[in-house]
Amino acid sequence: MNPEDTQTGLQKNSKVKSVVVISTAMLTFITFWKAAAIVLCDFGSSAFYAGGIAYNAFGPAFPWYILGVSFFSGLLLMMYLESCSMFTRSGVFPVVSAGLGEKAAQLAASALLFDMALTGPISGLSAGNYLIGLINSTLAIFKINFTLNPEMFSMIFAAAVVIYFWYQNVKGIADSSEKSAKIIKLSLIICGILFVWSGITLALRGTVTLPPLKPQLTQEAMGWVVNIPFMQKVGYIGVLIALGHSVLALSGLETLAQVFRELEYPKIQNLKKTALIIFVFAVVFTGGLTFLSYLIIGPKNLPQYSDNMLSGLAMSLTGPTILKLILQAAVVFAGGLMLCGAVNTSIIGANGTMNRIAESGILTDWFRKIHKKYGTTYHMINTICIAQLIVIFLSRGKVYLIGQAYAFGVLWSFVFEMVSIVILRFKNREQKREFMMPFNIKFDHFYIPVGAIFVGLVVVALAGINLITKKVATISGVSFGLVLYTIFYISSRLNAKKANIMFEEGPREKLNETQVPELSKALENLPYKENVLVTVKDANKLYHFEKVLADLKDTEVNIIVLYARPLENWNAGKNREAVSVDYKELFTQVILKAENFGRQVHPIMVSSNNFFTAAAQTAFAAKAEKIVMGVSGTHGANEQMEYMVMAWAAIPERYQITAEILWPGREVSFKF
Amino acid sequence: MEINPLKINSQQISLITNPSTKQELVKYLITNVCSGTVLNQEEVFKAVMKREQGISTTLDTGLSIPHARMDGLTAFRAAIAIIPQGIKDDFGLQIKVMFLFLSPSGEQFFPEHLKLLAKLAETFTPQFIEELSKLKTVEEIAAKLPF
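Order-wise, the sequence lines are chains A and B.
Going by the working numbering, the first residue of the first sequence is number 973, and it counts up by one from there.
Going by the working numbering, the first residue of the second sequence is number 75, and it counts up by one from there.
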């Protein structure tokens, strides 16, 4: 029998037409482990160069200071937890915009972009250094009288890595979290081997000489302080300067805010787990391995390995040379992957930050131009990669030179962000925070953020001291920041009219609309067996949708979100124009809310002459257990339920289904 | 006369051969359901039409189910009209069967009210409506109805 013959007239005449599947990159979510892996590929990669740069700046005391900033990352992570609990699309730009205003946010974003322009080169050059270190060690072991120029090799290698990831990003990299997770797992295995082998080495040596606590600051590391004698006499200032030179180990924390939007349900609990993993990794991997490097390599041999300290650690262990060479190769392999991953993350992060800025209407259309074939913001990607290539060639392959300029952006973006979080405690007292930075004194109706103020003060002190000690960073950072700020300023003036429209309309998601011939095609690739259908009509009335996102504890249920676009012969009570909505705005709100909860949803738009028959047919096609609707302002819940029941009854092979109509404080539910 | 709407007898069935408008037909059926009750026909008409102004109860199968939940009722009441020629409703849909019913307003009756709506939508398929339209007397229609 032809399936059409079994359909009732209700189905034949009201059969949904023009089925469109809505998709966006924002509708996939990742586990806390993968989120941590993405952050660690950037944040953790500094373990490969932070120790060496700090050693060059203030001598053998560096392990204490790298360990110190690794512990301090715990406090910064808690501050990020608080900011993410307020903004799903978090990060420096939205947080500073809310706390200190848009001008400050532009400055903070400029500082951050400066750092991202340096992260790619410093990571690429470090990877090159590790690789050339391995090649030269191997050549020496096999007594081949040939060495490659490390700086030239690193420069070419770093440029190649940037160009490779430029191409990948223009094409639009698919989900890379799986790869990041593999890299971090491999790094943890190698970290474990290094720890065990180092323990054995130290035990065999019998004596352990701890590094000195007092930093020996070079003239270069003191910067303009060499001209301020009284500051040189104060011991704590020396400590602060040393910490300032170690702070580059914190580069990449911003990635946590970028990745938060992709974190799966339950979002804040998962963010806490992510932050804990990052903290432990920072202390053990960055702090611990840097400390072990000093203990194993020893102060005499450190200068030889300042550019590839973990390779030095591997080669200085007690054991057969061939095994050490294999371990060094493993360190180089994992480090190379992690550092190259950091190049990629810096391009993705800078592109993401520029997109956040563009969303507020500041950047002109030239920046926001979408690649015709790949749909990426390729002008932004080109700009970032060109800046990174210029830095690589200007550095002439010297990691330390970039290290001198580095951390300016990290610190100043921290300053703006931490100060904003403190200000928001006073400014947005009522705003819901699922996590608060600890150490608060309750006063009247709000909490005085003692802990947050302390972190803010430390960051301000470090940024202040770096401003007068890291000359290269200050001059280059301020120059870069001002150039970028000027670009933002001119761009925002040129784009003022468009920015106002965008401000009024709010940011829109980039929606991919794929037309499919029938409902079954739209529903065939859903990940789970169970389905819930949520109908939506009004971007401002999504209480029922939020309730489903919040209350549905089973994470293995597909949430199908349906909007029935009215056809000319709309017959569900009111005229078609009255119920026709801006579906892009509607789905933007749906996606933002799904993102807030970290739950994957499957938006579908159909054209129909009847909202209820469209809902019934979609629910039937999906074999949904439940249809959830919001209450209609004009009809009332009972009328809606009546029609839903009739529409469902018109489906010949129907099964028992539950319909729910939800609105604040009440719900109507019926199983039929 | 109180009835179980699923036990329709010939007194509750009308065969309309010269239909006028949907409103007139609703009024006609209200007269039928209100007969022998204390219900005010004007109030019932207002309640039914108010419900119709919300989401139309006409399905595009050709079935129209005007209804209202009324205070003072303790059981369901119903009347049915078959209109072989059909009439157009406000949205241009063809009505060939109009099943008007009133249900008690108490919340405890609402599930039954919904079940009745579902039963009607399920029963009156286009084929069944077409078969009813071909019958010549209310007795034949009563015999054909499954309730």
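The hints are simulated quantities; they were obtained by calculation from the structure and are not laboratory data.
Please note: incorrect hints may appear among the correct ones.
[Stated by the list, open to error] Calculated cross-link-like contacts (lysine to any residue; reagent style SDA-like; alpha-carbon spacing at most 20 Å): (1) A:K1643 x B:I90; (2) B:K124 x A:Q1628; (3) B:K210 x B:I90; (4) B:K193 x A:Y1627; (5) B:K193 x A:A1433; (6) B:K189 x A:F1642.
[Claimed, not checked] In silico negatives: residues of chain A with every beta carbon more than 10 Å from chain B: (7) Y1139; (8) V1168; (9) V1255; (10) L1366; (11) F1415; (12) V1422; (13) V1432; (14) V1450; (15) S1451; (16) V1529.
[Unchecked claim] Quick partial rundown of chain B residues pointing at chain A, CB under 10 Å, derived from the structure: (17) S130; (18) P158; (19) I161.
Source: prediction; values computed, not measured.
Even for Gly, the Cβ is constructed at its ideal location relative to N, Cα and C.
Which hints, by number, does the structure contradict? Numbers 1, 2, 5, 18 and 19, in rising order.
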